Amino acid sequence: MEGVSADYVIGPIRNSLVLQSIDLQIESGSYSAIVGHTGAGKSSLLKTINGLLLPTAGKIEVGQDIIKQKNNKQALKNIRKKVGMVFQFPEAQLFAETVEKDICFGPLNFGVPLKQAQQIAKEVMQLVGLPLHLLNKSPHSLSGGQKRRVAIAGILAMEPEILVLDEPGAGLDPKGKNEIMRLIKSLHQERNLTTILVTHDMDDVVHYADKIIVMENGRIVRNGDLRSVFSDRLAIKKWHLDLPEAYQFQLEIEERTGMELPQICFTVDELADALMEVGLA
Amino acid sequence: MAPIIEVNNLTYRYDLRTETKALLSVSFTVHRGEWFAIIGNNGSGKSTLAQLLTGLLEPQQGSIFIADMEMTEKSKWEIRNRIGVVFQNPDNQFIGSTVQDDVAFGLENLNMDYKEMKKRVYEALKMVGMFEYRLYDPSHLSGGQKQRVAIAGALAMKPDVLILDEAFVMLDPRSRRELLETIHELKVSADLTVVSITHDMTEVEAADRVVVLDNGQVTNIGKPREIFTQEKELTPPLGEKLRRALAKRGANVPQSYMSREEVMCWLWK
Amino acid sequence: MNKLSLGRYVPGDSILHQLDPRAKLVSGFYFIIVLFIANNWQTYLLLWLFTLGVMRLSKVHLYTYFRGVRPLIWLILFTVVLQMLFTAGGTIYVEWGPIRISEFGLINGVYIFCRFVMIIFISTAITLTTKPIDLTDGIDSLLGPLRKLNIPVDEISLMLSISLRFIPNLLDETQRVMDAQRARGTEFGEGSLVQQMKTLVPIFLPLFTNSLNRAEELANVMEVKGYQSGIKRSSFRKLRWKTCDTITLCVMAALTIGLILLRLN
Numbered sequence: 001m002e003g004v005s006a007d008y009v010i011g012p013i014r015n016s017l018v019l020q021s022i023d024l025q026i027e028s029g030s031y032s033a034i035v036g037h038t039g040a041g042k043s044s045l046l047k048t049i050n051g052l053l054l055p056t057a058g059k060i061e062v063g064q065d066i067i068k069q070k071n072n073k074q075a076l077k078n079i080r081k082k083v084g085m086v087f088q089f090p091e092a093q094l095f096a097e098t099v100e101k102d103i104c105f106g107p108l109n110f111g112v113p114l115k116q117a118q119q120i121a122k123e124v125m126q127l128v129g130l131p132l133h134l135l136n137k138s139p140h141s142l143s144g145g146q147k148r149r150v151a152i153a154g155i156l157a158m159e160p161e162i163l164v165l166d167e168p169g170a171g172l173d174p175k176g177k178n179e180i181m182r183l184i185k186s187l188h189q190e191r192n193l194t195t196i197l198v199t200h201d202m203d204d205v206v207h208y209a210d211k212i213i214v215m216e217n218g219r220i221v222r223n224g225d226l227r228s229v230f231s232d233r234l235a236i237k238k239w240h241l242d243l244p245e246a247y248q249f250q251l252e253i254e255e256r257t258g259m260e261l262p263q264i265c266f267t268v269d270e271l272a273d274a275l276m277e278v279g280l281a
Numbered sequence: 001m002a003p004i005i006e007v008n009n010l011t012y013r014y015d016l017r018t019e020t021k022a023l024l025s026v027s028f029t030v031h032r033g034e035w036f037a038i039i040g041n042n043g044s045g046k047s048t049l050a051q052l053l054t055g056l057l058e059p060q061q062g063s064i065f066i067a068d069m070e071m072t073e074k075s076k077w078e079i080r081n082r083i084g085v086v087f088q089n090p091d092n093q094f095i096g097s098t099v100q101d102d103v104a105f106g107l108e109n110l111n112m113d114y115k116e117m118k119k120r121v122y123e124a125l126k127m128v129g130m131f132e133y134r135l136y137d138p139s140h141l142s143g144g145q146k147q148r149v150a151i152a153g154a155l156a157m158k159p160d161v162l163i164l165d166e167a168f169v170m171l172d173p174r175s176r177r178e179l180l181e182t183i184h185e186l187k188v189s190a191d192l193t194v195v196s197i198t199h200d201m202t203e204v205e206a207a208d209r210v211v212v213l214d215n216g217q218v219t220n221i222g223k224p225r226e227i228f229t230q231e232k233e234l235t236p237p238l239g240e241k242l243r244r245a246l247a248k249r250g251a252n253v254p255q256s257y258m259s260r261e262e263v264m265c266w267l268w269k
Numbered sequence: 001m002n003k004l005s006l007g008r009y010v011p012g013d014s015i016l017h018q019l020d021p022r023a024k025l026v027s028g029f030y031f032i033i034v035l036f037i038a039n040n041w042q043t044y045l046l047l048w049l050f051t052l053g054v055m056r057l058s059k060v061h062l063y064t065y066f067r068g069v070r071p072l073i074w075l076i077l078f079t080v081v082l083q084m085l086f087t088a089g090g091t092i093y094v095e096w097g098p099i100r101i102s103e104f105g106l107i108n109g110v111y112i113f114c115r116f117v118m119i120i121f122i123s124t125a126i127t128l129t130t131k132p133i134d135l136t137d138g139i140d141s142l143l144g145p146l147r148k149l150n151i152p153v154d155e156i157s158l159m160l161s162i163s164l165r166f167i168p169n170l171l172d173e174t175q176r177v178m179d180a181q182r183a184r185g186t187e188f189g190e191g192s193l194v195q196q197m198k199t200l201v202p203i204f205l206p207l208f209t210n211s212l213n214r215a216e217e218l219a220n221v222m223e224v225k226g227y228q229s230g231i232k233r234s235s236f237r238k239l240r241w242k243t244c245d246t247i248t249l250c251v252m253a254a255l256t257i258g259l260i261l262l263r264l265n
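Protein chains in written order, with the numbering used here: chain A, 1 to 281; chain B, 1 to 269; chain C, 1 to 265.
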């Protein structure tokens, strides 16, 4: 990757309706999850990161490019290339007659020559784990999970440095969802993609993300690492958030047995380890 | 217990020229008052089965009996008065321009008189906790609330069977949990048989019996406890997950399926 | 974008909001007819008083009404100018080559202008104060007699009401697809006309496919809920004719009598 040390400052955006004075830095190479009740402003925040929604005040820096209230087109275009955005149910945006053409759509818009775009299409197909012979198929002939992968491939083909995803697993069966979430995690690790995930599912958060950003009423109310945020149970309740299922179970066990486990357990394996450690099992 | 749904040797293929069958001699019986889950991955044939059960497709071979009536082109309208269906997409099944209009839609089709209709609509909305929202239009409701309205629409018809066709798939985990609780209560208070077609394991856990579909065939049928023990590739519920994790670590846990509550008791012993 | 409501209904509790949609529709059409009784300044004055009164009663800001006229202003002015040029009679004020503006022409122009604007104001007052779904119900009820001619009135009004119901969804979806394609580097409103047309393809194709899917799902839902075309259906939405609706019709009758008297003068 080109040496972009992307520290993004989003700050103060004032819009009484959607976002209010948001200050946020996301480090390059991190995996953050944005959570919050419906209508907390999560999707608006995502849109500002991509310049789809312009701030009424304040600015957003993505690497060297800056989004402000008024913008030159080039900066916006640079940012959109840099920030790959996977919307909710992204298969709804597929339109071309073949998978290949759909994947090439993004790169071609950003001025990549056709030959090169087709090469990229092949690479991203492998990256998302789809066989190459699907390239000449119509996207509408594919299964739900495959369509979603094609849509994600179409974003990866723009070779973004930042990947923003809004509920990428929504509506898929458990197997399909796991595969997509693992795919995203491995992209994050192997390609050093800065990843921002919007989700309602706290188990996704603890299984895949490193950082959690909590939003409420258009503001960021907490931004930190998982353990410190989830250990603040009163606040979690106040924000109407759930706990990860293993942690919820841990609390019930602690209450029932009167014993306290040494640490917060986010996964069943952690919980099993802790139970063994204190001798409950 | 008396059977309310009987499916015998049901076979269906979309393209009669090919041999690939969406369903291949599927048989099962659902008893009155039961919560019955139909599970399987994408492509297992469960959506085809759902369409057959609701009369949207016609059986090519085999038969379906619902409330002692065989599903045919003729009888399907009669049968539909006995079943309520909630579909997957909250938006695409909201027909009315307000909550109460939507609930009334099915009753209007019965040419019911206004007084009775109003009574039924209000009752149904109260049962799902949406009475206060009766004048809202759908754009002001969350996905979970829209599904509640859809359930009310089904309840207003006073059905024997409530079919949930992946009804909670598009909802967030919290709405899903809350709706499952509501269905639990309704099953008792409205004397319902629940058939849920799903891939959500919490929904499966809530069921009395489960049928597993794979490649159009029934591969297993039994209580959730049995299914989760036998079908190793299914993600089990939390309690069983923990039991397995503990067993792997050499803990002296029982060797068979345990629910959340059982694990809790075992730990507390 | 999704806050844009068709017919620009403005929620409120004015007398106009409370009227039965049938009363409003009938009065609206009737108003267009009685407009033709007017032929002198006294009758037009009466009509203006009526129109302004109605606008006042709607409790909607006057600015909203003027916005309704704006898109049509060129069409109106064009008609007015034609009317002025081609009506002869009375004193000639301007004579410039073939162009001749006469006294009668000028008066007629003003009258035509008034008619247009009043029609727009009155129909705006109706759409501003009636929910689209109530309008549909009103139309359904008024067209009721056509059932005897085998015209599928119920189907048409159900179709209308479902379309109205899904407009916000369609707008939402358009916005979403547009955002998604912009995020993939599409620029709207740039380049030549052909290029601009091309950028619309990635918007309309997905919208089209999604709408087809939606329609199919909707059809399934309706069928499972027992809807068959041609069956006798009852209606949960009830229009209730109230005293104020009868009064409205009386007002319209009074207006007619007033106009006739002023015209005879």
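No lab work stands behind these hints: they were computed from the structure. Because the structure is a prediction, the values reported are computed rather than measured. Careful, some of the hints might be misleading.
Said to hold, decoys possible - Derived DSSO-like pairs: lysine-lysine, alpha-carbon spacing no greater than 27 Å straight-line: (1) C:K148 <-> B:K126; (2) A:K59 <-> A:K73; (3) B:K118 <-> C:K238.
Stated by the list, open to error - Label pairs and their calculated CB-CB ranges: (4) A:N217 <-> C:Q195: 36 to 44 Å; (5) C:N265 <-> B:K118: 51 to 59 Å; (6) B:E261 <-> A:Q88: 31 to 39 Å; (7) B:E261 <-> A:R182: 45 to 53 Å; (8) B:E178 <-> A:E255: 40 to 48 Å.
Stated by the list, open to error - Just a few of them, taken from the derived set where beta-carbon distance is under 10 Å, the chain B residues facing chain C: (9) D91; (10) Q93; (11) N111; (12) Y136; (13) G222; (14) L238.
Where a beta carbon is used, it is the ideal one built from N, C-alpha and C, also for glycine.
Here's how the hints hold up against the structure:
For the suggested pair K148 of chain C and K126 of chain B, the alpha carbons sit about 40 Å apart, so the restraint of at most 27 Å is broken. This hinted pair checks out: K59 of chain A and K73 of chain A have alpha carbons roughly 15 Å apart, not beyond 27 Å. With a C-alpha separation of about 11 Å, the suggested pairing of K118 of chain B with K238 of chain C holds against the 27 Å cut-off. For N217 of chain A and Q195 of chain C, the Cβ-Cβ distance of about 41 Å falls inside the hinted range of 36 to 44 Å, so the restraint holds.
For N265 of chain C and K118 of chain B, the hinted distance range of 51 to 59 Å is satisfied, since their beta carbons lie about 53 Å from each other. For E261 of chain B and Q88 of chain A, the hinted distance range of 31 to 39 Å is satisfied, since their beta carbons lie about 35 Å from each other. Checked against the hint of 45 to 53 Å, the C-beta distance between E261 of chain B and R182 of chain A comes to roughly 31 Å, which is inconsistent with it. Taking 40 to 48 Å as the suggested C-beta distance range, the pair E178 of chain B and E255 of chain A does not conform, at roughly 22 Å.
With 10 Å as the threshold, the beta carbon of D91 of chain B comes within range of chain C, its nearest partner Cβ sitting at about 6 Å, so the hint holds. The criterion of a C-beta within 10 Å of any C-beta in chain C is met by Q93 of chain B, whose closest approach is roughly 4 Å, and the hint holds. Of the supplied interface hints, the one on N111 of chain B holds, with its beta-carbon coming within about 5 Å of a beta-carbon of chain C, less than 10 Å. For Y136 of chain B, the shortest C-beta to C-beta distance to chain C is roughly 13 Å, which exceeds 10 Å, and the interface hint is violated.
Because the smallest distance between the Cβ of G222 of chain B and any Cβ of chain C comes to about 29 Å, over 10 Å, the interface hint for this residue is violated. Annotation: interface hint on L238 of chain B violated; nearest CB of chain C at approximately 33 Å, more than 10 Å.
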